[in-house]
Amino acid sequence: MFTQRRNLIFLFFGLIGLLFIGKLFFLQVIDDTYEKAADNNAIRKIIQIPFRGEVYDRFGKLIVYNTPVYDLYIIPRKAVVKDTNQFCRVFRITREYFIKTTQRARAYSRVKPSLFLKHLSKEDFASVQDAMVDFPGFFFETNAFRTYQSRSFSNALGYVAEISPTALTDQKDDYYRQGDYVGISGIESFYEETLRGQRGVKYRMVNSNGVEKGDYKNGSLNINPVSGNNLYTSIDLAIQEYADSLMQHKVGSLVAIEPSTGEILAMVSAPSYDASLLTGNNFSKYYQQLALDPMKPLLNRPPSAYYRPGSTFKLVQALVGQQLGFIGPGTVFSHAGAPVKCHGHGPVDLRGAIRVSCNPYFYHAFRKMVYDKTTGDTYERSAQGLQRWADLVANFGFGRKLGVDLGNEKKGILPNVEYYNSVYKGEKMWKFSNIYSISIGEGEIVVSPLKMANLAAIIANRGWYIPPHVVKGIGLKKSIDPFYKTPVKVGVEAKYFNVVIDGMEDAVTHGTVEADGRIPDIKMVGKTGTSQNQKGKDHSIFIAFAPRDNPKIAIAVFVENAGFGGSAAAPIASLVVEKYLKRKVDRKAVETKFMNMNYLPNVYSVTRKKVAIDSTKK
Amino acid sequence: MTDSNHIQGRIDWITVGFYVLFVCLGWMNIYSAVYSPDAPLSFSDPAFYDSNAGKQLVWIGTSFVLIVCILVIDFRFFESFALFIYLGLLLLLLAVPFLGVTINGSHSWFKFGGVTIQPAEFAKTATALLLAKYLNDPLVNLNKFAFQWKAALIIGIPMLLIIGSNETGSALVFASFLILLYREGLPGTYPALFIGGIVLFVSALLVKAWIILLVLVLLAGLFVLFMPIYLQRDPKTYLRLSGAIAVIMTLALLVDWVVNNVLQEHQRNRIRVLIDPGFDPRGLGYQVTQSKIAIGSGGFWGKGFLGGTQTKFDFVPEQSTDMVFCTIGEEHGFVGVMLMIIFFLGFLWRLMYLADLQRSRFARAYGFGLVGILFFHFLVNIGMTIGLMPIMGIPLPFFSYGGSSLWSFTILLFIFLKLDSHRSDMLSR
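Here the protein sequences line up with chains X and L, keeping their order. Each step along the first sequence adds one to the number in the working numbering, with nothing skipped, and position 271 is 271. Each number in the working numbering corresponds to the 1-based position in the second sequence with 618 added.
To be clear, the hints were calculated from the coordinates, so they are not data collected in a lab. Worth double-checking, as some hints may not be accurate.
Claimed, not checked - Which bits of chain X does chain L cover? Going by a derived footprint, with three or more residues having C-beta under 8 angstroms, they are:
| hint | stretch |
| --- | --- |
| 1 | 2-11 |
| 2 | 196-207 |
| 3 | 413-424 |
Said to hold, decoys possible - Restricting the straight-line Cα-Cα distance to at most 25 angstroms, the calculated cross-link-like pairs of lysine to any residue (SDA-like) are:
| hint | chain 1 | residue 1 | chain 2 | residue 2 |
| --- | --- | --- | --- | --- |
| 4 | X | K217 | L | F897 |
| 5 | X | K36 | L | F897 |
| 6 | X | K202 | L | D932 |
| 7 | X | K217 | L | L643 |
| 8 | X | K45 | L | G917 |
| 9 | X | K489 | X | T261 |
We treat Cβ as the ideally placed atom computed from N, Cα and C, and that holds for glycine.
Work the whole structure out from these sequences, hints included.
Encoded structure:
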């Protein structure tokens, strides 16, 4: 009786069992959202940020290091503050800040930690330690920010700041998270991947109350953080600080290079700023002011400011003209027929032309170089001649990047055929008479101070250079990219340099350089330049190297609105050279005079904010 | 008289094997749920016996004592004393509101020293016994209403008392006696109506009324199309069909009213969570959301014994008791839960097979009562962990942590095994 009902009942059971298995198959095998949700629930990924690499000068003096600071975190679910007033007093925050931050943390997650207060100093941390027992649900994580030994060298060092939203979305490998710090400019940016080290990751299991319950998978997935590599720069901090002090009250650049190695000894961008203002909690306060300052203290001028080289470019013309075979030490040009003027001297040979910086001489020399061919019309001949000239000049690093290890190097402009075709909107639209200004370093040619310092190094080496660089060793092995070890030849034979160097020596001893720019006991050779400036007084330029035999330092100095090259830039360069070679300066009067000399344009003096202090003012 | 020495030979060891397997697996999962990778407890540590896993060991040990007791009692005792047991349990249920204590928000427990007992758990066994005894009378014919209402009374009184103490979940278990009654001759219309009612209830919650109406009209149309000619010619047929549709629609519309006005707030929310899985995942839907996360994250092979993170770190409330299935799902994956379901169905099949072997209607009916109760727990418990059933305090038999639950299921099962071991001694009536 009714025995078949057993089968019916079991059929029903079986159907329910199948339904369950089907649903479980869907939950466990097909749908993977639950797996992620589970990881979100129970696994807390803790990123451990290692210490950023430190930066040293060429003698091992510390320039940049890290100061540990303490970030306060809150876990809202566990946070109990009985006495809000006491809490605010201890942490020196306002009641509004407390309420706002607590609410935001709670909205984010009740069980996950949120940042509550950033960058407490060691002293602040010590003072709140005792009170922490009264505030469950709050804990500290150590962090670090950059600390600068010197106020000098800020522009080339660059700074470290929270990653910007655009950089965050543009990053390729998803390394940075919101709020992470990243090198923004200078070597902090160029060597970001070296300095930042390797992040550690810890996977911790947490229970539903956010309490940690040990390492996930026994810590097999954890990665220990590795500190960033230290950078050993070629900067001579003493010279850097001295150069900075000379460049105060001025706008401009100073770059000193060791010619035999391409190592940058000093690099001044004036006006500068105090890098320590851009660390930690101060950043947002000062960054805006610095960014809006009309004197652009944040700009690192040596690799990225644009100037016309002026008469310093005549050195290139003298070298290229000889190499191409159009002029020689005995070549003489008179002033006749030149649209550029000169005064106070008669016809000169090449050495003399460099000594007195004769404009017509280099006009005629350039004209010979450009109008070489006798076939075709003047337009075709101009184009052919210019291209051959430009190809050789490009070897000196003009119109392209030298490859300095600073993030913001600019190419500059070396006008060639392509360039003029685009300026004059077509081929055969221009000829020599349109472009002769570049013969004396005016017109369309644009350079950076770094390129001119490199030019001084090329002449010092008689025909080659090593790409200028700030960092000469990375990490424990002090290794370096072979690029910064390999000489680059400029394609001008060494013999052609003799007459140029003779002329440069004359320029210093009895040429365009004024008495303040002469060092009695050091044979420095150099060339002045005056870069025309439509907006105001001309810029003063000087490039040099010393000593003449076995050169140890090549230097370029640009002082904006200081007028003639021999009067401002040359004395400053001579002081730096003297200090570097003798480790002391005997010409105290000259030193005092140029330290106090103020070449700041009026417009800047008025609008300038207090923040952008000269970097050496202690 | 039967000699208890012979019990060994007659007891169904397959069923006992299932029982031992389930209890052991259950204990492993309870151990895993309380296991802390930071501070694993050892058996020698006294603190271990304060944890659920330790206490469950005690419950398991005492269950074996209970089993021995049941096996040595004369098999006729259960039939003879069914009424007394039943009345005793009714008394306990009546006394709960006055003498009971509250545990986990449920005022349905008795406390004897350190032991807490929930009489509702044992009322199922008592009811099954009395119902079986009633049906043992050969005159009782479940086709007739005169007997039907008496059977309903036996089921209904404890059920109402349990509803009275606000244990709706436990009370619903009594619906499982439909399986017993169906096997013993209750017309199929009753379970059909029951299932139809549930379908109607669920569809009323899930879909709009006009869709139900549409479906009903379509079904009626199909019915008209295929019914015998003589019915088609009878105008009353159409009247009856319309009437049926009207009644069903009224009931469907009543569902909303019942949900909103009759059910209590927490019951309403449990239903709401069921039909809308995304509803309030941090609050009311927390338990079912977390339960699904735990099971779902197990994947095909599971995270391995003690490897679960969701169940171990308290993300799923009631982890060891009602939600023990989550641990199986998380740590043993799809393979584990599938095997568990297959084993459980195999176990039920074995019990039904044994029940049908009984010569006495008492033992057979009791057997099907047992099967029904076990199946109902299986259905609701697993169903609620995977979001197919509303959350109710229904443990998974033999697996879930808890003394009352383990004891009551052990007693329920072993009374049947005791009866079964004496099936040749029973008089077939």
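Results of checking the hints against the structure:
1. Only residues whose C-beta sits within less than 8 angstroms of a C-beta in chain L count toward coverage, and the stretch 2-11 of chain X has 6 of them, enough to reach three; the restraint holds.
2. For a cut-off of 8 angstroms, the count of residues in the stretch 196-207 of chain X with a CB near a CB of chain L stands at 3, and the three-residue condition holds.
3. Beta-carbon proximity to chain L at under 8 angstroms applies to 0 residues in the stretch 413-424 of chain X; the threshold of 3 is not reached and the given coverage is violated.
4. With a C-alpha separation of about 33 angstroms, the suggested pair K217(X) and F897(L) falls outside the 25 angstroms cut-off, and the hint is violated.
5. A threshold of 25 angstroms between alpha carbons decides the hint, and for K36(X) with F897(L) the separation of about 19 angstroms falls inside it, so the pair holds.
6. Pair hint K202(X) plus D932(L) holds up; C-alpha atoms about 21 angstroms apart against a cutoff of 25 angstroms.
7. For the hint linking K217(X) to L643(L), the alpha-carbon distance of about 24 angstroms falls within 25 angstroms, and the restraint holds.
8. A distance of roughly 22 angstroms separates the Cα atoms of K45(X) and G917(L); the hinted pair therefore holds under the 25 angstroms criterion.
9. Taken as a hint, the K489(X) and T261(X) pair is honoured in the structure, with Cα atoms around 14 angstroms apart against an allowance of 25 angstroms.
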